[in-house]
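Number of protein chains: 4
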Amino acid sequence: MMDKLKIGGVELQNRLFIGTGKFPNKKIIPDVIKSSGSKVITMALRRVDLNSKEENIIEYIPKDCILLPNTSGARNAEEAVRIARLARAMGCGNWVKIEVISDNKYLLPDNYETIKATEILAKEGFVVLPYMSPDLMAAKSLVDAGAAAVMPLGAPIGTNRGLQTKELIRIMIDEIDLPTIVDAGIGKPSHAAEAMEMGAAAVLVNTAIATAGDPVKMAQAFSLGVKAGRLAYLGKFGPERKYAEASSPLTGFLNE
Amino acid sequence: MMDKLKIGGVELQNRLFIGTGKFPNKKIIPDVIKSSGSKVITMALRRVDLNSKEENIIEYIPKDCILLPNTSGARNAEEAVRIARLARAMGCGNWVKIEVISDNKYLLPDNYETIKATEILAKEGFVVLPYMSPDLMAAKSLVDAGAAAVMPLGAPIGTNRGLQTKELIRIMIDEIDLPTIVDAGIGKPSHAAEAMEMGAAAVLVNTAIATAGDPVKMAQAFSLGVKAGRLAYLGKFGPERKYAEASSPLTGFLNE
Amino acid sequence: MMDKLKIGGVELQNRLFIGTGKFPNKKIIPDVIKSSGSKVITMALRRVDLNSKEENIIEYIPKDCILLPNTSGARNAEEAVRIARLARAMGCGNWVKIEVISDNKYLLPDNYETIKATEILAKEGFVVLPYMSPDLMAAKSLVDAGAAAVMPLGAPIGTNRGLQTKELIRIMIDEIDLPTIVDAGIGKPSHAAEAMEMGAAAVLVNTAIATAGDPVKMAQAFSLGVKAGRLAYLGKFGPERKYAEASSPLTGFLNE
Amino acid sequence: MMDKLKIGGVELQNRLFIGTGKFPNKKIIPDVIKSSGSKVITMALRRVDLNSKEENIIEYIPKDCILLPNTSGARNAEEAVRIARLARAMGCGNWVKIEVISDNKYLLPDNYETIKATEILAKEGFVVLPYMSPDLMAAKSLVDAGAAAVMPLGAPIGTNRGLQTKELIRIMIDEIDLPTIVDAGIGKPSHAAEAMEMGAAAVLVNTAIATAGDPVKMAQAFSLGVKAGRLAYLGKFGPERKYAEASSPLTGFLNE
Chain A
1 MMDKLKIGGV ELQNRLFIGT GKFPNKKIIP DVIKSSGSKV ITMALRRVDL
51 NSKEENIIEY IPKDCILLPN TSGARNAEEA VRIARLARAM GCGNWVKIEV
101 ISDNKYLLPD NYETIKATEI LAKEGFVVLP YMSPDLMAAK SLVDAGAAAV
151 MPLGAPIGTN RGLQTKELIR IMIDEIDLPT IVDAGIGKPS HAAEAMEMGA
201 AAVLVNTAIA TAGDPVKMAQ AFSLGVKAGR LAYLGKFGPE RKYAEASSPL
251 TGFLNE
Chain B
1 MMDKLKIGGV ELQNRLFIGT GKFPNKKIIP DVIKSSGSKV ITMALRRVDL
51 NSKEENIIEY IPKDCILLPN TSGARNAEEA VRIARLARAM GCGNWVKIEV
101 ISDNKYLLPD NYETIKATEI LAKEGFVVLP YMSPDLMAAK SLVDAGAAAV
151 MPLGAPIGTN RGLQTKELIR IMIDEIDLPT IVDAGIGKPS HAAEAMEMGA
201 AAVLVNTAIA TAGDPVKMAQ AFSLGVKAGR LAYLGKFGPE RKYAEASSPL
251 TGFLNE
Chain C
1 MMDKLKIGGV ELQNRLFIGT GKFPNKKIIP DVIKSSGSKV ITMALRRVDL
51 NSKEENIIEY IPKDCILLPN TSGARNAEEA VRIARLARAM GCGNWVKIEV
101 ISDNKYLLPD NYETIKATEI LAKEGFVVLP YMSPDLMAAK SLVDAGAAAV
151 MPLGAPIGTN RGLQTKELIR IMIDEIDLPT IVDAGIGKPS HAAEAMEMGA
201 AAVLVNTAIA TAGDPVKMAQ AFSLGVKAGR LAYLGKFGPE RKYAEASSPL
251 TGFLNE
Chain D
1 MMDKLKIGGV ELQNRLFIGT GKFPNKKIIP DVIKSSGSKV ITMALRRVDL
51 NSKEENIIEY IPKDCILLPN TSGARNAEEA VRIARLARAM GCGNWVKIEV
101 ISDNKYLLPD NYETIKATEI LAKEGFVVLP YMSPDLMAAK SLVDAGAAAV
151 MPLGAPIGTN RGLQTKELIR IMIDEIDLPT IVDAGIGKPS HAAEAMEMGA
201 AAVLVNTAIA TAGDPVKMAQ AFSLGVKAGR LAYLGKFGPE RKYAEASSPL
251 TGFLNE
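Protein chains in written order, with UniProt numbering: chain A, 1 to 256; chain B, 1 to 256; chain C, 1 to 256; chain D, 1 to 256.
By construction, these hints were calculated from the structure, which means they are not laboratory data. Note that beta-carbon positions come from the ideal geometry of N, C-alpha and C, so glycine has one too. There's no promise every hint is true.
As the list claims (entries may be wrong) - If we take Cβ atoms under 10 Å as the criterion, some of the chain B residues that face chain C in the derived model are:
1. Leu108
2. Ser141
3. Asp174
As the list claims (entries may be wrong) - Derived pair list, reagent style EDC-like, types lysine to aspartate or glutamate, alpha-carbon separation capped at 16 Å:
4. B:Lys105 to A:Glu245
5. A:Lys22 to A:Asp214
6. C:Lys105 to B:Glu175
For reference, chain A alone in the conformation it holds in the complex (with noise of 0.2 Å):
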């Protein structure tokens, strides 16, 4: 019943990407990402370590995923242009996710610098999904720029408290043609769905999976609040009202 997403020319059936950070036990990152059926990972660059056993996060990722390497680390473009062409060159393909952060308390991204990011590395090939603080002009820039897909945050990293940008994200999802991702602050699968409900075309979740009491079991409410959210997109809702309306017929029974 579900319809597929379409993202750099590759087809996904399932709408939520994961994130590899924060899990006290690596060793159980295979597990969760079965359990999330999720086939997009995004794991910070620097993780990726092909001297050391332990660090290497790349050994816990299934190999029908597609990697999204992250910019993590980066202060402004041209940062995150050498990780991207550097995680590119060790491999891991042309999918990258630029996150440019010069904000240390909030960690909210710079738009500018992602932009002009963007369009470097578009033009080189790479299939780029930018994260950014939600603002509709800026988005159509990226749109100018080259993105694959627009990634507005819900909520600073790692906070778990939701769309608290909601309004700014509905907007984009109404006027930008590239899909919608919503990435970072989302919490419970509750507000993934709501995401999805509103039609964002797929949610990162990190934060909240990485740092639940039962991670294996946390991704799959995830997986299956993402699937609600879109399944309840694709089927349409019926209108709000302010006053009461009868399931049940409601006056007579008794007095017919």
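Following the hints, put chains B, C and D in place on chain A, whose structure we already have.
Just chains B, C and D, lined up with the frame of chain A:
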């Protein structure tokens, strides 16, 4: 991975209850029920008419489902009790959802009359699920009266407005030992997931499915949303934060 | 520009009621009351101690204020009635705020016992203001019982969490002819303004003022917030819109 | 009790800025301004027409107010700069609100072009107040560009939907040293109070006053709401709690 819900001596795998009102075409109901996976189906007794083939809602409900006749149309305890007895006499079983409503605009239940009806019917061996305005002290009285669960409303019936009474429901879940089943107002799978994440035992949905563009798809969406919320509740949430916390290492990547 | 509120035969210019509990230093209470402009002051009868100079809250209340003794400590109707009668006998006048609370964690009122106490005391000539869990049908019973106003809670006492029960209060305001006074939970002037904008007749604030850094300043802030909300209600709001609408002409300026 | 706001070398007692668009009848504007107490009045330069008596908005603005011409109609930085210079040349003073908007549906500002215009005009001695989509990094760029304050939107212009972008504004207030003035979307005095309680320096209101049933009353309501919020911010809030905490002593009254 999912635990079962026990009510009235029955173990339920599926925590979505479905209502049968408002469907433009009753013929779709079997597909909706199948798609939802629901095993508890509520209907107004008035619609159960053994003499009329067309109106008899029961023939659209699979045999393996528990019937949950509701007392809609009752304006006080006495009328609710009469309808419940009639339902049992007609072969609908001994489950009953008490609805006592004398407010015609918002269709809000009368907790006091509901408590009275619950007490009488519980003594007669019914499995009583009372629909109520969320209120901790009324819920405690329903426990004392012998209810099998409590069914607070999230918003007025048919409004699709979600958990407007979230705080009062949260308190009921925290303080009441019976299952809390959120009924009325749930308009989207994200609302259903949110209720389950809070610890609700189940949700009852009718209008949101019946008035959807594609009720079969929407029923499945709700089914997934309910499962997502329950699994997340079992998987235990990590903390919410005010400030950001990086999923990926942020500093020093290129300057090491 | 402001209309007056009539309760119990009295016309009130100021729609902020003040509570006297929780102040670290009672000596500040007269300044708080003056700063708030409030003319209705509630206090626990227990704090009215004619034999002890230190504990007697009444000497901190200006003579031109209406005393609103509350029945805190009462766990059922009978106890509330006894406290009310005692208050009147002690010279506190014939206004009384009914509080019947047997829940020790959330301190939620018992609507059923509150209705009983209201009926008895209204017949004895009291001006009865019952504190209640918001519920339309219980409010209707309080009207029938002779209440002078209804006082639904916005959130549990002392939580400062605002109008968590907004939807139920909105319905009460819409359906009940008596003044609706929002009591408990109001933590900020914006909450008080929001209640008044919905059509609440008044608000009662205690914790938010008593626990503020500067209670005198906060009392004035609440006074202004209440007036702002009432004036806005009287001034009638324009429509909310989903799409933007320019305040200024947007096109053609330079190209005409 | 209220502190003053300093912008562009001027001390302002009143933290409510008023817009002059959308009034059905301009003759009411002087009464609205008087009722609001506002001393900073924004208007579209297009409406300032020295040759037409009817259209010239300036004659409705008291002489003791600061004029804040806005650049509405500008679709890029260059056009905004031209309008600003024209306004100064026409005698409107050296304050200017930058609006650069090329999105016709939600009327969302272009942060990038706004930063460019701000930089140019600040160097020319203007007191520049840029209207922006809330985004911490863009706000930092505006600080660097020489803005006198930053003006994030609460919701799209004219929607009256309140602080939909609350989280992003909160972060800006927390991190930016310039005054943050919330502009657009504020539909009720409670919204204005909420912005001020968060630490906003001022708010700008237009549609909500202009489209009210009684704009003069509504202007006063907003004035009070802004003061309430500022005073509360200065008075410092007590904590929010999850569980209740009694204002009055609850136990033992009658059993001592």
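B:Ser141 as chain C interface residue, shortest Cβ-Cβ below 10 Å: B:Ser141 check passes; min Cβ-Cβ to chain C is 7 Å, inside 10 Å.
Interface restraint verdict for B:Leu108 against chain C (beta-carbon cut-off 10 Å): Hint holds; B:Leu108 Cβ to chain C Cβ min 5 Å, cut 10 Å.
Interface hint compliance - B:Asp174 to chain C, C-beta minimum distance less than 10 Å: For B:Asp174, the interface hint holds, since the closest Cβ of chain C sits about 8 Å away, which is under 10 Å.
Pair hint outcome, A:Lys22 versus A:Asp214 [Cα-Cα no greater than 16 Å]: holds, 14 Å
Given hint A:Glu245 paired with B:Lys105 - CA-CA distance at most 16 Å: holds, 8 Å
Pair hint outcome, C:Lys105 versus B:Glu175 [Cα-Cα no greater than 16 Å]: holds, 9 Å
In the structure shown, no violation is registered for any of the earlier numbered hints.
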